[in-house]
Amino acid sequence: MAVTDMSLDPSVVPAENTKNAARKPRRRSVFLRRPFFSLALLVALGFVLCAVFAPFIAPYDPTAQSIEAMMQPPGGEHLLGTDSFGKDILSRIIFGARYALTIGIVAVLIGAGGGLVLGVAAGLSAGWLEWALMRLIDSILALPSLILAIAVIAILGQGVDKVILAVGISLIGPFSRTVRSDVLQVKAQLFIEAAHLMSIPRLTVIRRHILPNVFFPLLVQITVRISEAILVSSSLSFLGIGVSPPTPDWGLMIAEGRGFVSFAPWMSGMPGMALAILLVALAIVGDAVREEFDPKLKRAQ
Amino acid sequence: MSETSLAGQVPAAATHGAETGAMAPHDLPLFELLDVEKRFTITRPTGFLKREKRSLAALDGVRLTVRRGASIALVGESGSGKSTLLRVLLGLAEPSDGKALYCGQPVNEMRARDRDFARSVAMIYQDARASLDPRMTVKALIAEPLMHFGLCGRDEVDDRVRALLARVGLPGDIAARYPAALSGGQVRRVAIARALASEPTVLIADEAVSGLDVSTQAQLLNLLRRLKREMGLTLLFITHDLGVASYLCEEIAIMYLGRIVETGPTGAVLSAPAHPYSLALRRAAPEFFAPITDPLEGEIPSPLDLPKGCRFATRCAFVEEDCRADEPVLAPIARGRSVACRHPLHEAERSAFSSGVPSPAPPDRPATGGAELSA
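As they're listed, the protein sequences go chains A and B.
For the first sequence, position 220 matches number 220 in the UniProt record's numbering, and the numbering has no gaps at all.
For the second sequence, position 19 matches number 19 in the UniProt record's numbering, and the numbering has no gaps at all.
This is chain B alone, in the form it adopts within the complex (with noise of 0.2 Å):
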């Protein structure tokens, strides 16, 4: 993800379209986000008749690029921001601070303005069945977005919805039936074909697969896997299975509290993280026949009251004094790699991980070059 250190480049988000007016509009990164920030006010009892309000930042200066036809892995534990990311990218959630572009355009200019973002920008969600009408059949819930868009005329819609059905690997005497008469992964194979009714560019999965049984995850994989290159699709796929993301991904952005802390493609930063807390997720998954060598101890800390300095050293095995004073960024260590670390491991510290006393930072890291560009 070569496009997530250059993002960094652009002074400010104002002057981006007149620098990229020279570019084609198709060698326009699909969406961009530049710092992005989100932040949710909430109020709590702190005593009789008091209240405290306090903001709290579910993203917290987010930098993303999406290109056309890749296909990115966000993974990260529950509560690092992950299904926020997705909302302000699909234009659900305004961000507090910072940009969403889509081509080029804040993301809610372009859902506002007409249908053609809606159309190209299609979402499968994680509860498949609660994001099914329940009064409608399947081939009214898939009919539904070809009939809004304007796909295709009255009379062709029983086709349509056919090879659709087919195309997800469905019979078509399904299209009668409602979803709860549906098994989960017939579910989220309506789900997928009504995501492609809209025939759209970007294809954002939110957990698409979790909490199937093995061989039907397998199939929806070999499934999203094949549209992806028979469709062209861009794949923004959210999960925190390490090996659907590896599977499915090229890229990878792993995710915690809010923040991006290491992205590159997937083979590179799971064979070799460079975060200690990609480490942490790569030594959490299970493998065959070996225990589980290094769970990730203690919680995620509450937004409410961040850590000082970097937000993972509370459970950082390789935690350092300078570590807790201020917060690395998003840097570039390697072709494709960015990981926001003041000390990226080496191959020395990953094999010895329980034991490391880790080394020194390089003195190439640009470790104060942070303040302009963090939120």
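The following block holds chain A by itself, in its conformation from the complex (with noise of 0.2 Å):
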């Protein structure tokens, strides 16, 4: 290994290929790189655009109620049809999309906070404590979300904030399971190690260094999780057991043309397609937010 000090200096080689890092174009931006996410972000937006302002979007009010205009086709006067009772379809969906995002995003956030603490204090305890927390998991984990939301409406009863509350519970489970993973997998990394070696508290490891490794993948189970979320109250308010009618609520409407499908099948047809939509544009987003800030399939790009 003989290398002349004069030659290899160490300090120019590397500022020159920095340099030529910094004259590196800029990145293109998300929205051009992927056109499909950026074409369900539009989608998306606009459903929470249409929740925010419904009442000045919707042509009518979505619980008024008409005998002259029953189960009318879509076209006319009312763009969507109408449903048995004469209420417009178009402002129930419009309206519903206000119920649908409100649940999907609060029932979220409740258990990915719940996941959140009993993830990470399953993932840092040892001994009892880490397999009573884990028993508890598995125990959530057992049952189907949707069976567990309905166990959950059966103690509190129906309204919608039942249903957020129920499926919020519901979703403790799967996401104290990712977040433990990922806690373990965090854990087991060599810049934990180096921070003990450094004689940092282990508290203030926990901050510095755990959390905020846990926290962004746990924001992109978040956004995955939403239209699951959506999905289970749904089926919540289909099976009768979630919001109670008149609610505008896009699994209700399915449920309540169900008996005309074949005479009707805007009646159902309509929320349903608008669910669908929803919950593959939010699918698309959050398949995108992960790969773009997974720092490991970053890199590889």
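Since the hints were derived computationally from the structure, they do not count as laboratory data.
Note that this is a predicted model, so its numbers are computed, not measured.
Any given hint might turn out to be false.
Okay, derived cross-link-like pairs now, DSS-like style, lysine-lysine, Cα gap no bigger than 30 Å in a straight line [as the list claims (entries may be wrong)]:
no.	chain 1	residue 1	chain 2	residue 2
1	B	Lys53	A	Lys187
2	B	Lys53	B	Lys308
3	B	Lys99	B	Lys53
4	B	Lys139	A	Lys187
5	B	Lys50	B	Lys308
6	B	Lys139	B	Lys228
7	B	Lys99	B	Lys228
8	B	Lys99	A	Lys187
9	B	Lys308	B	Lys99
Far from chain A, some chain B residues (derived; all Cβ distances over 10 Å) [what the hints assert, rightly or not]:
no.	residue
10	Arg44
11	Ser131
12	Ser198
13	Ser271
14	Asp322
15	Pro332
16	His346
Beta carbons are placed, not taken as given, at the ideal position from N, Cα and C, and that holds for glycine.
Given two chains presented individually in distinct reference frames, assemble the corresponding complex, making use of the accompanying hints.
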């Protein structure tokens, strides 16, 4: 390893390297690189706008009944038709976006909050405490989220707030499982040992090194799971144990139209389509967010 | 490494403090390993529902002394216990037997007592990228030890980070970046800068330059050499590259299966190895325009079933009957040199490596003194 100090002066080469790196052209914007993501984001934002400005956008009162306008097909005065009570389906879908998004987002936040606490505790604890927490998580996971939500509804009763709570609780299990596996993964990393080597106190290590590395994957999980929460809440309404009529909820609307599906398919079809479009859009947005913000996937690009 | 042999004469570690009490504290060796053993218990199935518990000695009676200002290379194959030795030195693993001392005090106690040990012993990991938190910028990474050890005020951090980056040959504008955006060589430099931030007296590097391309490796070696000279660092360098060892370190300790088999000044050991394993390592290193003459045959034996007698006997080209009888201990053979071999090599044997029928052991070898010295 005979190397002259002059030719390989350590201060020269990397300086040039970084200058080159700085001159490197900026990466193209996410929206150009991912056209499907942009489209899905626009759709999702469209739903959000509908939800926020529902009273201004909706052409009719979502709960107003009219005997003259019963079960009108799409087109004409009622753009998406009317249901068996003569309520305007478009207006109900627009107002329904409020319920779908509110329930989805708040329920996911409840699930993520509970999952973060449980998962971090289970990942960091040891001995009987870890055992107890893991059995608790297992017992939540043992039931599918819909069944668990039904059980919670059975205890709490019906209503929008109860649905939010039920869906949120049913999501704690999956969230805490992913958080725990993230914590275990981060805990085994070399930089945690390096921090320990510097005698940094345990709580500081958790706050400074473990939590940030767990939090970003959790954010990605949140965007991915909003659609699951909306689906579960719609399922509850469809089964007739979620929100009570005449609330303009999509699941409820699908259920109401079920009996008329052979001669008035738009009654179930329109809210079903709205639900499907929103879920697909959210799924695409969630996937893109995951791919963009995961440092491992990012480095590979 | 004359202290290596001295350490063998200390009868028991308990009296160590009393004996060295007269010495000024800075005369104490920084690190002292006294017959350190590290055993791991493993369970393996031996049949249906039957399990067997066995203990595996990753370190088996290691004796090593690190003087202040020394630079020591630890060399050995994978599985020879280098990393375990490191963990014991750093206080991350407690020795199952024997003592690991830092300035005359057990490492674990020193680590538990205050932050001073953590500040003065810095570590550079083999996987530099994994040793840096990917969610922190370079500035935050280097500032962390600065702030943690209270080495500078909040307003000076920027300047200190800049100075440290300059010291390892990185431009200051790299401070705003994340490790993922840096090249392999740059990440190593950042890791070195971070290690230097705590103003350590000992720098422990685990394969700090392996896996890099040759020019980057050369830059880093020059950098480490310069830092060692300028900052008076004590350097403990783990490597399996003899070239790196000879370039950077004045002393070398060669490990085989959890034991140090030969120590001494790097030049002397590498030019005239006394232990057959050192010779085999030397021969196995590729040289320009020459085929590798005598690659070491076979795999390193499992520490679970060690060969009887000398642990290198199964692969040794000079093995004799009494090698398989009992285990040789590390004993001095010349000034500053020790070797754990019943029949240390002579010049004639080294040159006639392949054909060699080794001569019997020199009479002055302490062949039976091993019982009370070895663990």
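Hints, one by one, checked against the model:
Between B/Lys53 and A/Lys187 the CA atoms are separated by roughly 28 Å; this keeps the pair inside 30 Å, and the hint holds. This hinted pair checks out: B/Lys53 and B/Lys308 have alpha carbons roughly 21 Å apart, not beyond 30 Å. Proposed proximity of B/Lys99 and B/Lys53 is supported: the alpha carbons are some 25 Å apart, at most 30 Å. Proposed proximity of B/Lys139 and A/Lys187 is supported: the alpha carbons are some 23 Å apart, at most 30 Å.
For the suggested pair B/Lys50 and B/Lys308, the alpha carbons sit about 27 Å apart, so the restraint of at most 30 Å is met. The suggested pairing of B/Lys139 with B/Lys228 holds, with an alpha-carbon distance near 24 Å, which does not exceed 30 Å. Pair hint B/Lys99 plus B/Lys228 holds up; C-alpha atoms about 27 Å apart against a cutoff of 30 Å. A hinted pair counts as satisfied when its Cα atoms are at most 30 Å apart, and B/Lys99 with A/Lys187 qualifies at roughly 29 Å.
Distance restraint check for B/Lys308 and B/Lys99: the Cα-Cα separation of roughly 26 Å lies within the 30 Å cut-off, and the hinted pair is therefore satisfied. Non-interface call for B/Arg44 relative to chain A: holds, since the shortest CB-CB distance, roughly 23 Å, exceeds 10 Å. At the 10 Å boundary, the C-beta of B/Ser131 falls inside the reach of chain A, the nearest C-beta of that chain being 4 Å off. A beta-carbon of chain A comes within 10 Å of the beta-carbon of B/Ser198; the shortest separation is about 7 Å.
Against chain A, the non-interface label of B/Ser271 holds: every CB pair exceeds 10 Å, the least being about 15 Å. Against chain A, the non-interface label of B/Asp322 holds: every CB pair exceeds 10 Å, the least being about 39 Å. Against chain A, the non-interface label of B/Pro332 holds: every CB pair exceeds 10 Å, the least being about 29 Å. Non-interface call for B/His346 relative to chain A: holds, since the shortest CB-CB distance, roughly 28 Å, exceeds 10 Å.
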